[in-house]
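Undergrad: Hey, can you piece these two chains together into the complex? The hints should help.
If you want the building blocks of each chain, they are given just below.
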Amino acid sequence: MTKIYDCGHYQVAAVKNIDLEVRKKHFVLIAGRSGSGKTTLLSLIGGLTRPTSGYILFEGSDIWALDDRSLSRMRNRRIGFIFQFASLIPTLTVNDNLKLAASFHEVDYDVGGRAKDLLALVGMSEKAEAYPNQLSGGQLKRVAIARALMNSPDLILADEPTGDLDEETEKEIVQILKKTNEDGATVVLVSHSPDIAPFATRRFRMSHGILTEEDEVVR
Amino acid sequence: MKGLGLLQLSRQNLRRRLFRTLAVATCLGLVTGILFSESLIAEGVQRSLQVGIARLGADILVVPYGQEMPVQTSLLTGEPTSFYMNRSVERQIAVVLGVERTSSQLFIASLQRASCCSGFFQLIAFEPQSDFTITPWLKSNLKRPLGSDEVIVGSKIFTPEGGELLFYGHRFTVAGKLEPTGMGLDAAVFIPIQTAYLMAAESIVKAERPLAIKPDQISAVLVKVDSATLPDIVASRITRNVEHVSVITSVRLVKSVGEHLSGLIQSLFLLTGTLWAVSTLLVGTIFSMTMNERRREIGLLRAIGATGRFIFKMVITEAALLTFIGGLLGVVGGGAIMFSFSLLISKSLEVPYLWPTFVQVSEMIAISMAIAILTGLLASLYPAVVASRMEPLYAIRSGE
Chain L
461 MTKIYDCGHY QVAAVKNIDL EVRKKHFVLI AGRSGSGKTT LLSLIGGLTR
511 PTSGYILFEG SDIWALDDRS LSRMRNRRIG FIFQFASLIP TLTVNDNLKL
561 AASFHEVDYD VGGRAKDLLA LVGMSEKAEA YPNQLSGGQL KRVAIARALM
611 NSPDLILADE PTGDLDEETE KEIVQILKKT NEDGATVVLV SHSPDIAPFA
661 TRRFRMSHGI LTEEDEVVR
Chain E
807 MKGLGLLQLS RQNLRRRLFR TLAVATCLGL VTGILFSESL IAEGVQRSLQ
857 VGIARLGADI LVVPYGQEMP VQTSLLTGEP TSFYMNRSVE RQIAVVLGVE
907 RTSSQLFIAS LQRASCCSGF FQLIAFEPQS DFTITPWLKS NLKRPLGSDE
957 VIVGSKIFTP EGGELLFYGH RFTVAGKLEP TGMGLDAAVF IPIQTAYLMA
1007 AESIVKAERP LAIKPDQISA VLVKVDSATL PDIVASRITR NVEHVSVITS
1057 VRLVKSVGEH LSGLIQSLFL LTGTLWAVST LLVGTIFSMT MNERRREIGL
1107 LRAIGATGRF IFKMVITEAA LLTFIGGLLG VVGGGAIMFS FSLLISKSLE
1157 VPYLWPTFVQ VSEMIAISMA IAILTGLLAS LYPAVVASRM EPLYAIRSGE
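Protein sequence lines, in the order shown, are assigned to chains L and E. Numbering of the first sequence is given in our numbering, commencing with residue 461 and proceeding in unit increments. Numbering of the second sequence is given in our numbering, commencing with residue 807 and proceeding in unit increments.
If we strip away everything but chain E, and leave its shape as in the complex, we get (with noise of 0.2 Å):
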């Protein structure tokens, strides 16, 4: 039968020296928490672009010429946005060697402060014969068309289903809410195109300040490209063949994010470097200031039967516990802010952000515990090497 184990002895180690263990694992956990929280904000923002260009469905959006800037905020933050071109550019756009389908979209802004509109929204007209944004959502989950007089709503806009929206003294209906993507998309309502035109004509007299649409004005083409053919490459021969437009492809979107992002990330995984670094040293630090204090108890230890390999496999595991408690609190602490700031912090950094899925925050808790546990193991390496090597003799004599 055996004695006590190497766990039971290390826990209690931990327990009875409470001030010791709390400090380290705070210092560990804030190292963790920051380092969990940087991942999930880095890995949230590439699941919603991932999400949301899967949503827009297409490869390829034409704008008017200088409005590639306000469409993209408006599609990664939900600014609400309007411009205007020429229908007859999707007849220029449709004809381009490349192209499968091209569809025509308006984007309008809703009046802020009016008593016409319901709110500062950003509308996007579709057409239901050639969509391949919405009508795919329609197909599958509202299983009819979608009433002249009725809206798809964004995830963020809270009228439910059913209940009634204003715009420009058009009166719509809430048929149906799509899920959530994390970008602009989600603060996005989306109307029959003939019904924006509808509603234009009528704010003359309907809304506090009248909506200026033509019906042979747009604001945007968005393409599909076919398979055999690269997105850039078609949106060079657009550049080339259609006049006065701007071209936005999917992977470019996601590259201007990333560029947004970049300097921010790299600055905070230099942070974290550092931190991480300094709390290394430190757990170091305090690791070899405790086996000094302990010497006595190790050179007990050895004389009563204790190798030279259990001295060391004790520091050891008691570092690898203290650091799983410290990456604990890290990421229960990172999620915990995450999860109550995320749309702070999407805000403020103007980057969309979708909560990364089961699996891939599972990866991140596992990193980030494993980078934790990690850190315990290297600080406490040497401390463990120097204790599991001293003479028994040398160790109690010294730790009087």
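Just chain L, with the same shape it has in the complex (with noise of 0.2 Å):
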């Protein structure tokens, strides 16, 4: 698949000719430069933009056939992301945040018992009242990690979760995706950290939307 932006007098190329197939229960990591494409693949897995040309297949279905509703609820129930920015909405609880993730589409779980546990588990839950600004950096990250999970997606995109972080919650937030990863989750992850490496069973490089695999490593 190939993404080009548009700017009006120029265009950019971010992802050029990908072909990536990511199996079900694998934990692969891209890393690369700044502006080399990472976030916009991501975001091509994840249906959040339309490639320019090519296919975006989900257990061989093509993403973008699908009407709006459909997609939507396809990145609801099997998709969880974790963005780079604080991806919280700023005028709901941290608890509301997590509801959120289950007020698009009917789900058929008790929503404040789901999200009383994620947030026992990311250790927030102490904050389950607190609004966003009254959080920090590695306290969003959580919660956010936290909805991600809220509806127990099958494939979870984290954008750099543990950039700006100190080194302790950046563990702290690797042993989190490292948990849902054995539980059974697909993990695509964009990082640069050296402590994430091991856990991947597949490395990639981008460079200038150029995607190159490093080794696989089955685990």
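It should be emphasised that the hints constitute simulated quantities derived from the structure, not laboratory data. Predicted model, so just to flag it, every value in this text is computed and none were measured. Beta carbons: idealized from backbone N, C-alpha and C, even for Gly. Hints should not be assumed to be uniformly reliable.
[As the list claims (entries may be wrong)] Just a sample of chain L residues kept apart from chain E, beta carbon distances all over 10 Å, derived:
1. K476
2. G495
3. S521
4. T629
5. H668
[To be verified] Residues on chain E that point at chain L, a partial pick, calculated with CB under 10 Å:
6. Q818
7. R822
8. E1049
9. R1102
10. E1197
[To be verified] Negatives, chain L to chain E, calculated, CB over 12 Å:
11. E481
12. R483
13. H486
14. L517
15. S530
16. G598
17. A608
18. D624
19. P654
20. R665
21. S667
TA: Okay, here's the thing in structure tokens:
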């Protein structure tokens, strides 16, 4: 697949002819310099942007052949996004930010109970009623991870989840992602952290929109 | 089980962006308040005329030539006036084709700042035998004829029932009080015509200034037209057959008030229309700006599963809630101002005013609220469509 951004007078090819297959329960690590196209690639995989050419197949189906409702439902139920930036809704409490993930489509679990469990998992139970502006960068990331896990997604797409964090928080977040992967979720992660590399089953490097596999680690 | 509802999400957005919420709500409240107040004025004047003319009971009022303006002013605002013509006029009118009943009245202005008078009021003396203005009320309320020294007063006269009033040195007892009409009749004192002639005779010795009325003089003839004839046709016949009189029909009275008010109401509605257009643009601009600020948030919502339709509904719900608050502020504010200052407004506009009925007020509230909400929906439609169609990644990146 290819993604070209039209910037008026010029065009930027952020992703160039990438052919990537991610298998279930794999932990895929993508590294690369800023502006190399990593975030665009994650967004393409997650159906946040349409490729200029090519296809994104999820379990064999072209996601861009789905209507808005089905694609939104897929993003909601099957994919969990963890963004690089503070990705909580500022007008909602931590607890409501988690519940938000269960707001767009019918779910068959106890929303309040699940939110409580996940906040305990990421060590944020005490901040359940806090607003995002009352949290530190590390706390925001933990809540974002908890929200991404709300609907027990099959695929976690994480864009530098440990960026700008202290070493200890980084380790804790890596452990949470590792456990999520061990519990059965597929993880595609963009990071420069050397601490994550040992958990990855496949490692890629991205440069100028081109993806190159470094090696394959079979666990 | 569901997580957060659309309404809960929208409510939180409004609560956490309090300044914007209050600014937009106040702006819309102002427009709604003005619109609601104008409607109250227009409806209140209309109702007052209906009730007042029903109280008058006459289709036509015949007065001395050239006196139609003072009479209209007196009827509408209660400004006291006196004028007289010969009683023979009533006999001439009674024989005009289409006239069913007639009754004479005397219009007497009491004396201002005089020890012989309780105040400056319009006294209306009526013929108890032929009257159809006060007598029906006496039958159903007082249930007895009015005594010779008794008066019935309009609702704006504060003297209570059983209290005394002094006019031209003659002492009267208040026997009853009429329901409000909003018209000048509310500030009038109704007395039997024979007592008025007696009061005039006594005034030479009892009053500071004598009341010069002869027993063959009257001020107006009230005419009831038979059901088969139009009042306008009878009015033309009276004008042709009776000399030196002016004819006022109830329809013309309503029309003249309408003409008097139409310029003002038109200007007010034009002003409101302009304000409405400006506020719609303003609310639209504020919503567009807010949506621009919230691009990342919208992108995030899309990323975690919100459909474009959900985003559209979220923006529209927010706008509807916001404008509902604005509308409510406007209706409460406008209503409170009108309730407190209706008398002052009525006096300064020189129009009769009676607070509209509960049903009328409810209708006006519903219409004002609907207009306020519609304004919000209209203003937020474009930002809602744009927000709902944004690609999630584009929204997230352009909002960074």
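Undergrad: Taking the earlier hints as the rules, which of them does this structure contradict?
TA: 8, 15 and 17
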